[in-house]
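Peer 1: Let the hints inform the model, and build the full structure from the sequences given.
Under numbering that gives the first Met the number 0, the letters of the sequence shown match residues 0 to 329, in that order.
Keep in mind that the hints were calculated from the coordinates and are not lab data. Warning: the hint list may mix true and false statements.
Derived BS3-like pairs (lysine-lysine); straight-line CA-CA distance at most 30 angstroms [said to hold, decoys possible]:
no. : residue 1 : residue 2
1   : K66       : K179
2   : K265      : K125
3   : K199      : K118
4   : K265      : K66
Derived Cβ-Cβ restraints for the label pairs, each shown as a range [as the list claims (entries may be wrong)]:
no. : residue 1 : residue 2 : range
5   : S57       : G290      : 44 to 54 angstroms
6   : R198      : V239      : 42 to 52 angstroms
7   : F269      : L202      : 15 to 25 angstroms
8   : A65       : D324      : 37 to 47 angstroms
9   : P78       : Q225      : 26 to 36 angstroms
Just so it is clear, the structure is predicted and the values come from calculations on it, not from any experiment. Cβ atoms here follow ideal geometry from the backbone N, Cα and C, with glycine treated the same way.
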Amino acid sequence: MHLVQFELSSGERRVGVVEDGLVREVQDARTVRDLALAAIEAGSTLAQQVQTLGLGISHDYAQLLAKLRILPPLDHPDPAHLLVSGTGLTHLGSASARDKMHQQAGDEAAMTDTMRIFKWGVEGGKPAAGQAGVQPEWFYKGDGSIVVRPGQPFPLPPFAEDAGEEPEMAGLYIIGHDGKPYRLGFAVGNEFSDHVMERKNYLYLAHSKLRSCSYGPELRVGELPQHLAGTSRILRDGEVLWQNEFLSGEANMCHSLANLEYHHFKYSQFLRPGDVHIHFFGTATLSFADGIRTKPGDVFEISQAEFGAPLVNGIAPVAAAFEPDSIGTL
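Peer 2: Right, here's the structure in full:
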């Protein structure tokens, strides 16, 4: 089952199921978050909750996308209660990168910190059921205010040195009133980072991640397939500037999803009832690695057949939100 959130021409919100090019309204559902909380209270799954409510009128999916009425597939009415985070060095990447890692395996002191954490993940990122494996790299990205709806451009602040895509799978979660995290499903995501800044020094990783992001347009309910092969593409003036395959799913990862989820939700501050979490699982495919430098007007298109319609976002410069020496004094 694939769910979307969308707006009517009046601005009213609806939840819909994607079927054969149509979006069928879920009866009496206004947000996926409310739908999920109701499912938790009823002791049912998200799909069962949809079936209980039933489906109503249909809308043309392509028109909803074209008119930018599709919203992120999970959000929160108070953006401060949506946390966006992620994990890095989780995917196996190219064979050459793995070969390099194995060649250095006997001399850990000669490794970079990046290769050392990657090696730890290969060796201990997929523990036995019920066990905690090695913890991954983790980063904070922002709250709900940084989320860009499908079809809209990423804001490019004046201090940004790069506007780079990161095609990833994202896990979508809600914390139940029992304080337990529940996974609704997964969505295609563009984690969007500043790779020029990150390359200067790995300690700038935290700065490089404080950018916008997008995910969707569809929430795929259920488990993540073991192997996923999608396409990441950049368009400039309507022509393909760059494209490449990106792989995901546990078959292409050095960490299990359960291990990544444990090392996020083990922190009690992430277990506040009613909160929403969007967690990016990492990627091994970047146009930046191929020497591509994007610019305003370029368009990112991330497609994954098992997740429905592609995720499309552009780039648009924005004015500075804050200037040096402009702190107010009380």
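Peer 1: Confirm or reject each hint.
Peer 2: These are the hints, each one checked on the structure:
1. K66 to K179: violated, 37 angstroms
2. K265 to K125: holds, 17 angstroms
3. K199 to K118: holds, 23 angstroms
4. K265 to K66: Distance of about 40 angstroms is beyond 30 angstroms: violated.
5. S57 to G290: 44 to 54 angstroms: holds, 45 angstroms
6. R198 to V239: 42 to 52 angstroms: With a Cβ separation near 25 angstroms, R198 and V239 fall outside 42 to 52 angstroms, so the hint is violated.
7. F269 to L202: 15 to 25 angstroms: Given range 15 to 25 angstroms: holds, Cβ gap about 24 angstroms.
8. A65 to D324: 37 to 47 angstroms: Given range 37 to 47 angstroms: holds, Cβ gap about 44 angstroms.
9. P78 to Q225: 26 to 36 angstroms: This hint holds: roughly 34 angstroms between Cβ atoms.
Going down the numbered hints, you'll see the structure goes against 1, 4, 6, while the others check out.
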